[in-house]
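Protein chains in written order, with my numbering: chain E, 1 to 158; chain H, 1 to 210.
There may be inaccurate statements among the hints.
Claimed, not checked - Derived DSSO-like pairs: lysine-lysine, alpha-carbon spacing no greater than 30 Å straight-line:
hint : chain 1 : residue 1 : chain 2 : residue 2
1    : E       : K114      : E       : K95
2    : H       : K122      : E       : K95
3    : E       : K156      : E       : K37
4    : E       : K75       : E       : K114
5    : E       : K149      : H       : K68
6    : H       : K68       : E       : K107
7    : E       : K156      : H       : K68
8    : E       : K95       : H       : K68
9    : H       : K122      : E       : K153
10   : H       : K122      : E       : K107
11   : E       : K95       : E       : K153
12   : H       : K143      : E       : K95
13   : E       : K37       : E       : K80
14   : H       : K122      : E       : K149
15   : E       : K153      : H       : K68
Stated by the list, open to error - Partial chain H-side listing against chain E, Cβ under 7 Å, derived:
hint : residue
16   : F56
17   : A66
18   : T69
19   : A152
20   : D154
21   : M155
22   : G157
23   : A158
24   : I165
25   : G168
26   : E169
Just so you know, the hints here were simulated from the structure itself, not pulled from any lab data. A quick note: this is a predicted structure, and the numbers were derived from the prediction, not measured. Even glycine gets a Cβ: it sits at the ideal position worked out from N, Cα and C.
Residues per chain, in single letters:
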Amino acid sequence: MIRVGMADLNICMSPDAITTLGLGSCVGIVLYDTTLKLAGLAHIMLPDSTQIRSNSNVAKFADTGIDALVQLMEKNGAKKSRLIAKIAGGAQMFKFSSENSMLCVGKRNIEATKIKLESLGIRIIAEDTGDSYGRTIEFYPETGELLIKTVGKTEKII
Amino acid sequence: MSTQKKFEELNDVNSMPYDILREVGNIGAGNATTALSQLIHAKVDMTVPKVELLNFPELSDIVGSAEKTVVGILLNLSGDIGGMMMFMIDYSAARHLVNQLLGDEYSSNAEYFSEMDLSALKEIGNIISGAYLSALSSLTGLKIIESIPYMAIDMAGAILSVPAIAFGELGDKALLIESEFNEIDYSVNGFFILIPTEESYGKILSSLGM
Numbered sequence: 001m002i003r004v005g006m007a008d009l010n011i012c013m014s015p016d017a018i019t020t021l022g023l024g025s026c027v028g029i030v031l032y033d034t035t036l037k038l039a040g041l042a043h044i045m046l047p048d049s050t051q052i053r054s055n056s057n058v059a060k061f062a063d064t065g066i067d068a069l070v071q072l073m074e075k076n077g078a079k080k081s082r083l084i085a086k087i088a089g090g091a092q093m094f095k096f097s098s099e100n101s102m103l104c105v106g107k108r109n110i111e112a113t114k115i116k117l118e119s120l121g122i123r124i125i126a127e128d129t130g131d132s133y134g135r136t137i138e139f140y141p142e143t144g145e146l147l148i149k150t151v152g153k154t155e156k157i158i
Numbered sequence: 001m002s003t004q005k006k007f008e009e010l011n012d013v014n015s016m017p018y019d020i021l022r023e024v025g026n027i028g029a030g031n032a033t034t035a036l037s038q039l040i041h042a043k044v045d046m047t048v049p050k051v052e053l054l055n056f057p058e059l060s061d062i063v064g065s066a067e068k069t070v071v072g073i074l075l076n077l078s079g080d081i082g083g084m085m086m087f088m089i090d091y092s093a094a095r096h097l098v099n100q101l102l103g104d105e106y107s108s109n110a111e112y113f114s115e116m117d118l119s120a121l122k123e124i125g126n127i128i129s130g131a132y133l134s135a136l137s138s139l140t141g142l143k144i145i146e147s148i149p150y151m152a153i154d155m156a157g158a159i160l161s162v163p164a165i166a167f168g169e170l171g172d173k174a175l176l177i178e179s180e181f182n183e184i185d186y187s188v189n190g191f192f193i194l195i196p197t198e199e200s201y202g203k204i205l206s207s208l209g210m
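Go ahead and model the full structure; you've got the sequences and the hints to work with.
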């Protein structure tokens with residue numbers, strides 16, 4: 001099992017699997033080339049690199065993170081036209097009383113992810129996003145299944 | 001005359017700022033531990049605080065595993081010091097604390113927390129975080145305004161992503177002053193984590209004559 005940390009990305013080829021633990025407001029983006037059974041996973045923290053001063057780590061942002069992941073997958077033989085996406089995360093962990101946009105970053109991360117994927121012509125075929133709980137995700141390129149684990153709920157596959 | 005203070009100087013564990021921050025953690029957590037001890041009528045020990053400058057991927061490792069279920073109580077800080085204060089304990093430790101506070105009549109072994117349990121937990125978080133922050137405030141002479149406590153019970157990684165994101169806007173590293181405490185009989189483990197912004201870091205040091 002290949003592990004991807006916060007603000008990090010990596011790829012994985014069947015029969016191996018790839019995971020990221022404890023997604024909160026962050027979004028986990030799985031890109032999958034069904035022909036090669038090659039998957040990529042990015043764990044992004046923030047929506048937009050152009051809004052931030054310190055943006056050297058591309059994997060931290062939805063826009064640059066997805067670009068970097070697509071490039072890495074193409075370098076390993078994937079075709080962008082074949083890629084599909086599954087996304088999870090973007091929760092609001094604390095019920096903040098104010099409508100401070102900083103604190104609603106989960107929602108903004110999901111939006112930015114969707115906009116970016118659409119602009120690249122990558123279809124989202126499944127998602128488990130929003131709400132107020134953390135998620136651990138595991139993707140199996142062999143079957144294309146994304147396993148989602150949460151605290152106090154049953155596991156599900158999307 | 002003070003120059004701009006940067007987190008990077010903390011890479012040297014023998015540096016003066018490092019020692020000062022550890023002392024800040026010591027005094028804050030010491031006060032908080034006393035408050036906790038009085039609240040639950042039990043002896044509570046604390047460890048020597050750790051000062052760490054962490055990259056985001058390492059953040060959830062401080063509590064063990066990113067998947068571990070914990071209770072996190074978060075306060076946003078404003079005033080002279082910006083940042084966040086987080087009080088984190090294991091799920092089972094939280095159950096024990098609540099039972100201690102509410103007494104035998106209301107104690108429970110239920111797997112889930114009732115509304116009253118949750119409210120008691122929040123109050124515990126509020127009181128001991130307040131004790132930490134008031135010690136920090138008297139020590140530095142800086143005004144610290146704390147928000148109401150926000151609580152989440154979930155995976156450690158997911159909870160820690162909240163301060164990580166808040167500071168991810170400002171840089172690639174977060175400064176953590178962590179203190180671990182233990183209740184002797186039940187080994188109730190927990191963490192106080194103070195996460196000041198880089199600007200506040202400079203203010204804390206300046207206020208202490210650095």
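Evaluation of the provided hints:
1. Among the hinted pairs, K114 (chain E) with K95 (chain E) is consistent with the structure: their alpha-carbon atoms are about 24 Å apart, no more than 30 Å.
2. Under the criterion of a C-alpha separation no larger than 30 Å, the hint pairing K122 (chain H) with K95 (chain E) is consistent with the structure, at around 13 Å.
3. Only pairs whose Cα atoms come within 30 Å are accepted, and K156 (chain E) paired with K37 (chain E) is accepted, the gap being roughly 21 Å.
4. Using a Cα cut-off of 30 Å, the hinted pair K75 (chain E) and K114 (chain E) holds, with the two alpha carbons roughly 23 Å apart.
5. The hinted pair formed by K149 (chain E) and K68 (chain H) meets the criterion: a straight-line CA distance of about 12 Å does not exceed 30 Å.
6. Distance hint between K68 (chain H) and K107 (chain E) is fulfilled; the C-alpha atoms sit about 24 Å from each other, no more than 30 Å.
7. Pair hint K156 (chain E) plus K68 (chain H) holds up; C-alpha atoms about 19 Å apart against a cutoff of 30 Å.
8. Restraint check for K95 (chain E) and K68 (chain H): satisfied, since their Cα atoms lie roughly 21 Å apart, inside the 30 Å limit.
9. Of the pairs offered as hints, the one joining K122 (chain H) and K153 (chain E) holds, with about 23 Å between alpha carbons and a cut-off of 30 Å not exceeded.
10. Restraint check for K122 (chain H) and K107 (chain E): the C-alpha separation of about 25 Å stays at or below 30 Å, so the hint holds.
11. For the given pair, K95 (chain E) sits about 20 Å from K153 (chain E) by alpha-carbon distance, which is consistent with the 30 Å threshold.
12. Distance restraint check for K143 (chain H) and K95 (chain E): the Cα-Cα separation of roughly 26 Å lies within the 30 Å cut-off, and the hinted pair is therefore satisfied.
13. At roughly 13 Å between alpha-carbon atoms, K37 (chain E) and K80 (chain E) fall within 30 Å of each other, so this suggested pair holds.
14. The straight-line distance between the Cα atoms of K122 (chain H) and K149 (chain E) is roughly 26 Å, inside the 30 Å bound, and the hint therefore holds.
15. Annotation: proposed proximity of K153 (chain E) to K68 (chain H) holds, straight-line Cα distance about 14 Å (limit 30 Å).
16. Of the supplied interface hints, the one on F56 (chain H) holds, with its beta-carbon coming within about 5 Å of a beta-carbon of chain E, less than 7 Å.
17. The restraint placing A66 (chain H) at the interface with chain E holds, with a minimum CB-CB distance near 4 Å, inside the 7 Å limit.
18. About 5 Å separates the beta-carbon of T69 (chain H) from the nearest beta-carbon of chain E, less than 7 Å, and the hint is met.
19. Of the supplied interface hints, the one on A152 (chain H) holds, with its beta-carbon coming within about 5 Å of a beta-carbon of chain E, less than 7 Å.
20. With its C-beta approaching chain E no nearer than about 4 Å, D154 (chain H) sits inside the 7 Å limit, and its interface hint holds.
21. Annotation: interface hint on M155 (chain H) holds; nearest CB of chain E at approximately 4 Å, less than 7 Å.
22. With 7 Å as the threshold, the beta carbon of G157 (chain H) comes within range of chain E, its nearest partner Cβ sitting at about 2 Å, so the hint holds.
23. Of the supplied interface hints, the one on A158 (chain H) holds, with its beta-carbon coming within about 2 Å of a beta-carbon of chain E, less than 7 Å.
24. Given the 7 Å rule on beta carbons, the hint for I165 (chain H) holds: about 5 Å separates it from the nearest Cβ of chain E.
25. The beta carbon of G168 (chain H) is positioned within 7 Å of a beta carbon in chain E (closest approach about 5 Å), and the interface hint is therefore held.
26. For E169 (chain H), the suggested interface contact is upheld, since its CB lies about 6 Å from the closest CB of chain E, less than 7 Å.
Violated hints: none; the structure is consistent with every hint.
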